[in-house]
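One line per chain: the protein sequences are A and B, in this order.
Take -13 as the starting number for the first sequence in the working numbering and just add one per residue.
Take 462 as the starting number for the second sequence in the working numbering and just add one per residue.
Honestly, the hints are just simulated from the structure, not real lab data.
Worth double-checking, as some hints may not be accurate.
[What the hints assert, rightly or not] Derived PhoX-like pairs (lysine-lysine); straight-line CA-CA distance at most 20 Å:
{"hint": "1", "chain 1": "B", "residue 1": "Lys530", "chain 2": "B", "residue 2": "Lys519"}
{"hint": "2", "chain 1": "B", "residue 1": "Lys503", "chain 2": "A", "residue 2": "Lys57"}
{"hint": "3", "chain 1": "B", "residue 1": "Lys561", "chain 2": "A", "residue 2": "Lys43"}
{"hint": "4", "chain 1": "B", "residue 1": "Lys519", "chain 2": "B", "residue 2": "Lys561"}
{"hint": "5", "chain 1": "B", "residue 1": "Lys510", "chain 2": "B", "residue 2": "Lys539"}
{"hint": "6", "chain 1": "B", "residue 1": "Lys539", "chain 2": "B", "residue 2": "Lys529"}
{"hint": "7", "chain 1": "B", "residue 1": "Lys510", "chain 2": "B", "residue 2": "Lys529"}
{"hint": "8", "chain 1": "B", "residue 1": "Lys529", "chain 2": "B", "residue 2": "Lys519"}
{"hint": "9", "chain 1": "A", "residue 1": "Lys(-5)", "chain 2": "B", "residue 2": "Lys503"}
[Unchecked claim] Pair ranges (Cβ atoms, derived):
{"hint": "10", "chain 1": "A", "residue 1": "Lys0", "chain 2": "B", "residue 2": "Pro540", "range": "48 to 58 Å"}
{"hint": "11", "chain 1": "A", "residue 1": "Asp24", "chain 2": "B", "residue 2": "Asp469", "range": "11 to 21 Å"}
{"hint": "12", "chain 1": "A", "residue 1": "Ser4", "chain 2": "B", "residue 2": "Ser473", "range": "37 to 47 Å"}
{"hint": "13", "chain 1": "B", "residue 1": "Ser573", "chain 2": "A", "residue 2": "Glu38", "range": "25 to 35 Å"}
{"hint": "14", "chain 1": "A", "residue 1": "Phe(-4)", "chain 2": "B", "residue 2": "Arg569", "range": "14 to 24 Å"}
{"hint": "15", "chain 1": "A", "residue 1": "Glu45", "chain 2": "B", "residue 2": "Ser491", "range": "17 to 27 Å"}
{"hint": "16", "chain 1": "B", "residue 1": "Arg569", "chain 2": "A", "residue 2": "Pro69", "range": "38 to 48 Å"}
{"hint": "17", "chain 1": "B", "residue 1": "Thr533", "chain 2": "A", "residue 2": "Asp24", "range": "20 to 30 Å"}
{"hint": "18", "chain 1": "A", "residue 1": "Ser70", "chain 2": "B", "residue 2": "Arg569", "range": "21 to 31 Å"}
Predicted model only: the values in this text are computed from it and were never measured.
Cβ coordinates follow ideal geometry from the N, Cα and C atoms, glycine included.
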Amino acid sequence: NAGVTQTPKFQVLKTGQSMTLQCAQDMNHNSMYWYRQDPGMGLRLIYYSASEGTTDKGEVPNGYNVSRLNKREFSLRLESAAPSQTSVYFCASRYDGVGTYEQYFGPGTRLTVT
Amino acid sequence: AQSVTQLDSHVSVSEGTPVLLRCNYSSSYSPSLFWYVQHPNKGLQLLLKYTSAATLVKGINGFEAEFKKSETSFHLTKPSAHMSDAAEYFCVVSGSGFQKLVFGTGTRLLVSP
Chain A
-13 NAGVTQTPKF
-3 QVLKTGQSMT
7 LQCAQDMNHN
17 SMYWYRQDPG
27 MGLRLIYYSA
37 SEGTTDKGEV
47 PNGYNVSRLN
57 KREFSLRLES
67 AAPSQTSVYF
77 CASRYDGVGT
87 YEQYFGPGTR
97 LTVT
Chain B
462 AQSVTQLDSH
472 VSVSEGTPVL
482 LRCNYSSSYS
492 PSLFWYVQHP
502 NKGLQLLLKY
512 TSAATLVKGI
522 NGFEAEFKKS
532 ETSFHLTKPS
542 AHMSDAAEYF
552 CVVSGSGFQK
562 LVFGTGTRLL
572 VSP
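Produce the complete structure using the sequences and hints provided.
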């Protein structure tokens, strides 16, 4: 049981390049999330998916797109990377049982845009 | 809207002394509250959670937190710090609809020998 996995672990992009961050979970969770972490700002929600086939914007969605490919996988795409998108990106998932609101996080992707 | 304020950006303790990390929350309804820990260059791990059951919540690695509604606080404590406790700690409240989590800005715990 690997939990939440993310690829790649590290990435360096030039301004204007595109890339997709991959996330997968093997816990049969319905909800999945993408966050970015910047120094002194905690984690901010980019997009989330409450179930397969649905996605919703979070707090900071501009410059990003997402795809919920199936129940296991939730990808984040940067179409035209900007230096302001330099950050650590975390994927998380959550089981939708009553009273279970905690999320489980992957190890993160460290992205640098030059 | 829900929000969380972590009152200290850094806390320094000596090994073997008590740890107190402070958190105040704001919520328009009865919240679920969490503490997560992040070790350097790692992901976030759930330390403990409060979901309207017992107000004193015990977590992993000897940590505990007390939910105080009258003070809107959820402070994290540990009786005796260990070097391995050095990490960043996030206080988190469940957002609207419980789908989302709202994170505090984090408290970095430094433990000296």
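Report the numbers of all earlier hints that the structure fails to satisfy, in ascending order.
Violated hints: 2, 4, 13 and 16; rest satisfied.
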